[in-house]
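If you read the sequence shown in the numbering used here, its first letter stands for residue 1, the second for the next number, and so on.
If you're looking for bench data, these hints aren't it; they were derived computationally from the structure.
This one's a predicted model, so the numbers in the text were calculated from it and none came from an experiment.
Check each hint, because a few of them may be wrong.
[Said to hold, decoys possible] Calculated pairs, DSBU-like style, for lysine-lysine (alpha carbon to alpha carbon, straight line, at most 35 Å):
hint, residue 1, residue 2
1, LYS133, LYS40
2, LYS133, LYS162
3, LYS133, LYS114
4, LYS121, LYS133
5, LYS131, LYS170
6, LYS159, LYS114
7, LYS170, LYS159
8, LYS133, LYS168
9, LYS131, LYS114
10, LYS170, LYS114
11, LYS114, LYS162
12, LYS159, LYS133
13, LYS121, LYS131
14, LYS40, LYS61
15, LYS40, LYS121
16, LYS40, LYS114
17, LYS133, LYS61
[Claimed, not checked] Label-pair distances were calculated between CB atoms; the ranges are:
hint, residue 1, residue 2, range
18, ALA9, TRP53, 21 to 31 Å
19, LYS114, ARG92, 35 to 45 Å
20, LEU163, ASP30, 47 to 57 Å
21, ASN51, ASP167, 52 to 62 Å
22, MET144, LEU43, 43 to 53 Å
23, PHE6, LYS168, 23 to 33 Å
24, SER164, VAL113, 27 to 37 Å
From the three backbone atoms N, C-alpha and C, an ideal C-beta is built for every residue, glycine too.
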Amino acid sequence: MNFIAFDAAYSIYPRATFEERRALCMVGSDSPHAPEALGKYALRGWSFVANIWPHEETTPKSPFFLSASRWVCDRHSWVVPLDVTGVEFRPRLSVASAEFSWDPVVYNSWRLVKDAGLSMKYLTLGSTILKYKYLVADSDLLLMFTDFFRGQGTLEHLKVSKLSEGDKLKSWTWYAVSLRGVALFIYAF
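Let's have the full structure, built from the sequences with the hints guiding it.
Dropping the structure here:
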């Protein structure tokens with residue numbers, strides 16, 4: 001659960017990964033590359049668990065935070081900013097959009113839950129006014145966004161309804177969302 005974006009490196013389960021060298025294995029035995037990958041990292045000192053210990057399900061000391069809503073940039077993640085000097089940001093998506101000076105990967109959330117085994121639970125947030133899709137752990141938050149995007153999407157479609165296809169793309173306003181915390185922030189791009 002580590003990845004790199006253009007502006008930072010992220011570890012979303014850093015205590016388990018770097019301090020305990022423990023990894024949750026959610027891959028099935030039918031995965032063709034699982035035996036090779038598991039063996040490779042076991043030889044490097046990693047232990048794999050198919051489930052967390054029963055006492056870890058309710059303790060705040062667990063490195064896996066079972067059933068808690070998590071965010072890529074929450075207090076449990078490690079974020080290592082990268083030097084972006086000389087990095088060219090993505091171009092504007094349209095004349096009505098600003099350039100991205102950050103990576104939208106940070107606005108994803110999920111829950112690690114125990115059912116038959118461990119799995120990550122999330123809902124997908126998508127809209128015609130969003131350039132990207134997002135993962136959302138909280139259904140109430142998803143409903144708030146859905147209401148907003150329905151109204152904003154209607155307005156956006158009305159705005160471009162009489163324009164040529166080329167001009168529609170040039171004038172479309174893309175939005176990015178900050179899904180973190182209870183506050184709802186919408187930034188127009």
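Taking the hints in turn, this is what the structure says about them:
no. : hint                        : in the structure
1   : LYS133 / LYS40              : 33 Å, holds
2   : LYS133 / LYS162             : 27 Å, holds
3   : LYS133 / LYS114             : 25 Å, holds
4   : LYS121 / LYS133             : 16 Å, holds
5   : LYS131 / LYS170             : 14 Å, holds
6   : LYS159 / LYS114             : 46 Å, violated
7   : LYS170 / LYS159             : 12 Å, holds
8   : LYS133 / LYS168             : 21 Å, holds
9   : LYS131 / LYS114             : 32 Å, holds
10  : LYS170 / LYS114             : 46 Å, violated
11  : LYS114 / LYS162             : 51 Å, violated
12  : LYS159 / LYS133             : 23 Å, holds
13  : LYS121 / LYS131             : 22 Å, holds
14  : LYS40 / LYS61               : 28 Å, holds
15  : LYS40 / LYS121              : 28 Å, holds
16  : LYS40 / LYS114              : 27 Å, holds
17  : LYS133 / LYS61              : 32 Å, holds
18  : ALA9 / TRP53: 21 to 31 Å    : 29 Å, holds
19  : LYS114 / ARG92: 35 to 45 Å  : 44 Å, holds
20  : LEU163 / ASP30: 47 to 57 Å  : 50 Å, holds
21  : ASN51 / ASP167: 52 to 62 Å  : 55 Å, holds
22  : MET144 / LEU43: 43 to 53 Å  : 47 Å, holds
23  : PHE6 / LYS168: 23 to 33 Å   : 28 Å, holds
24  : SER164 / VAL113: 27 to 37 Å : 48 Å, violated
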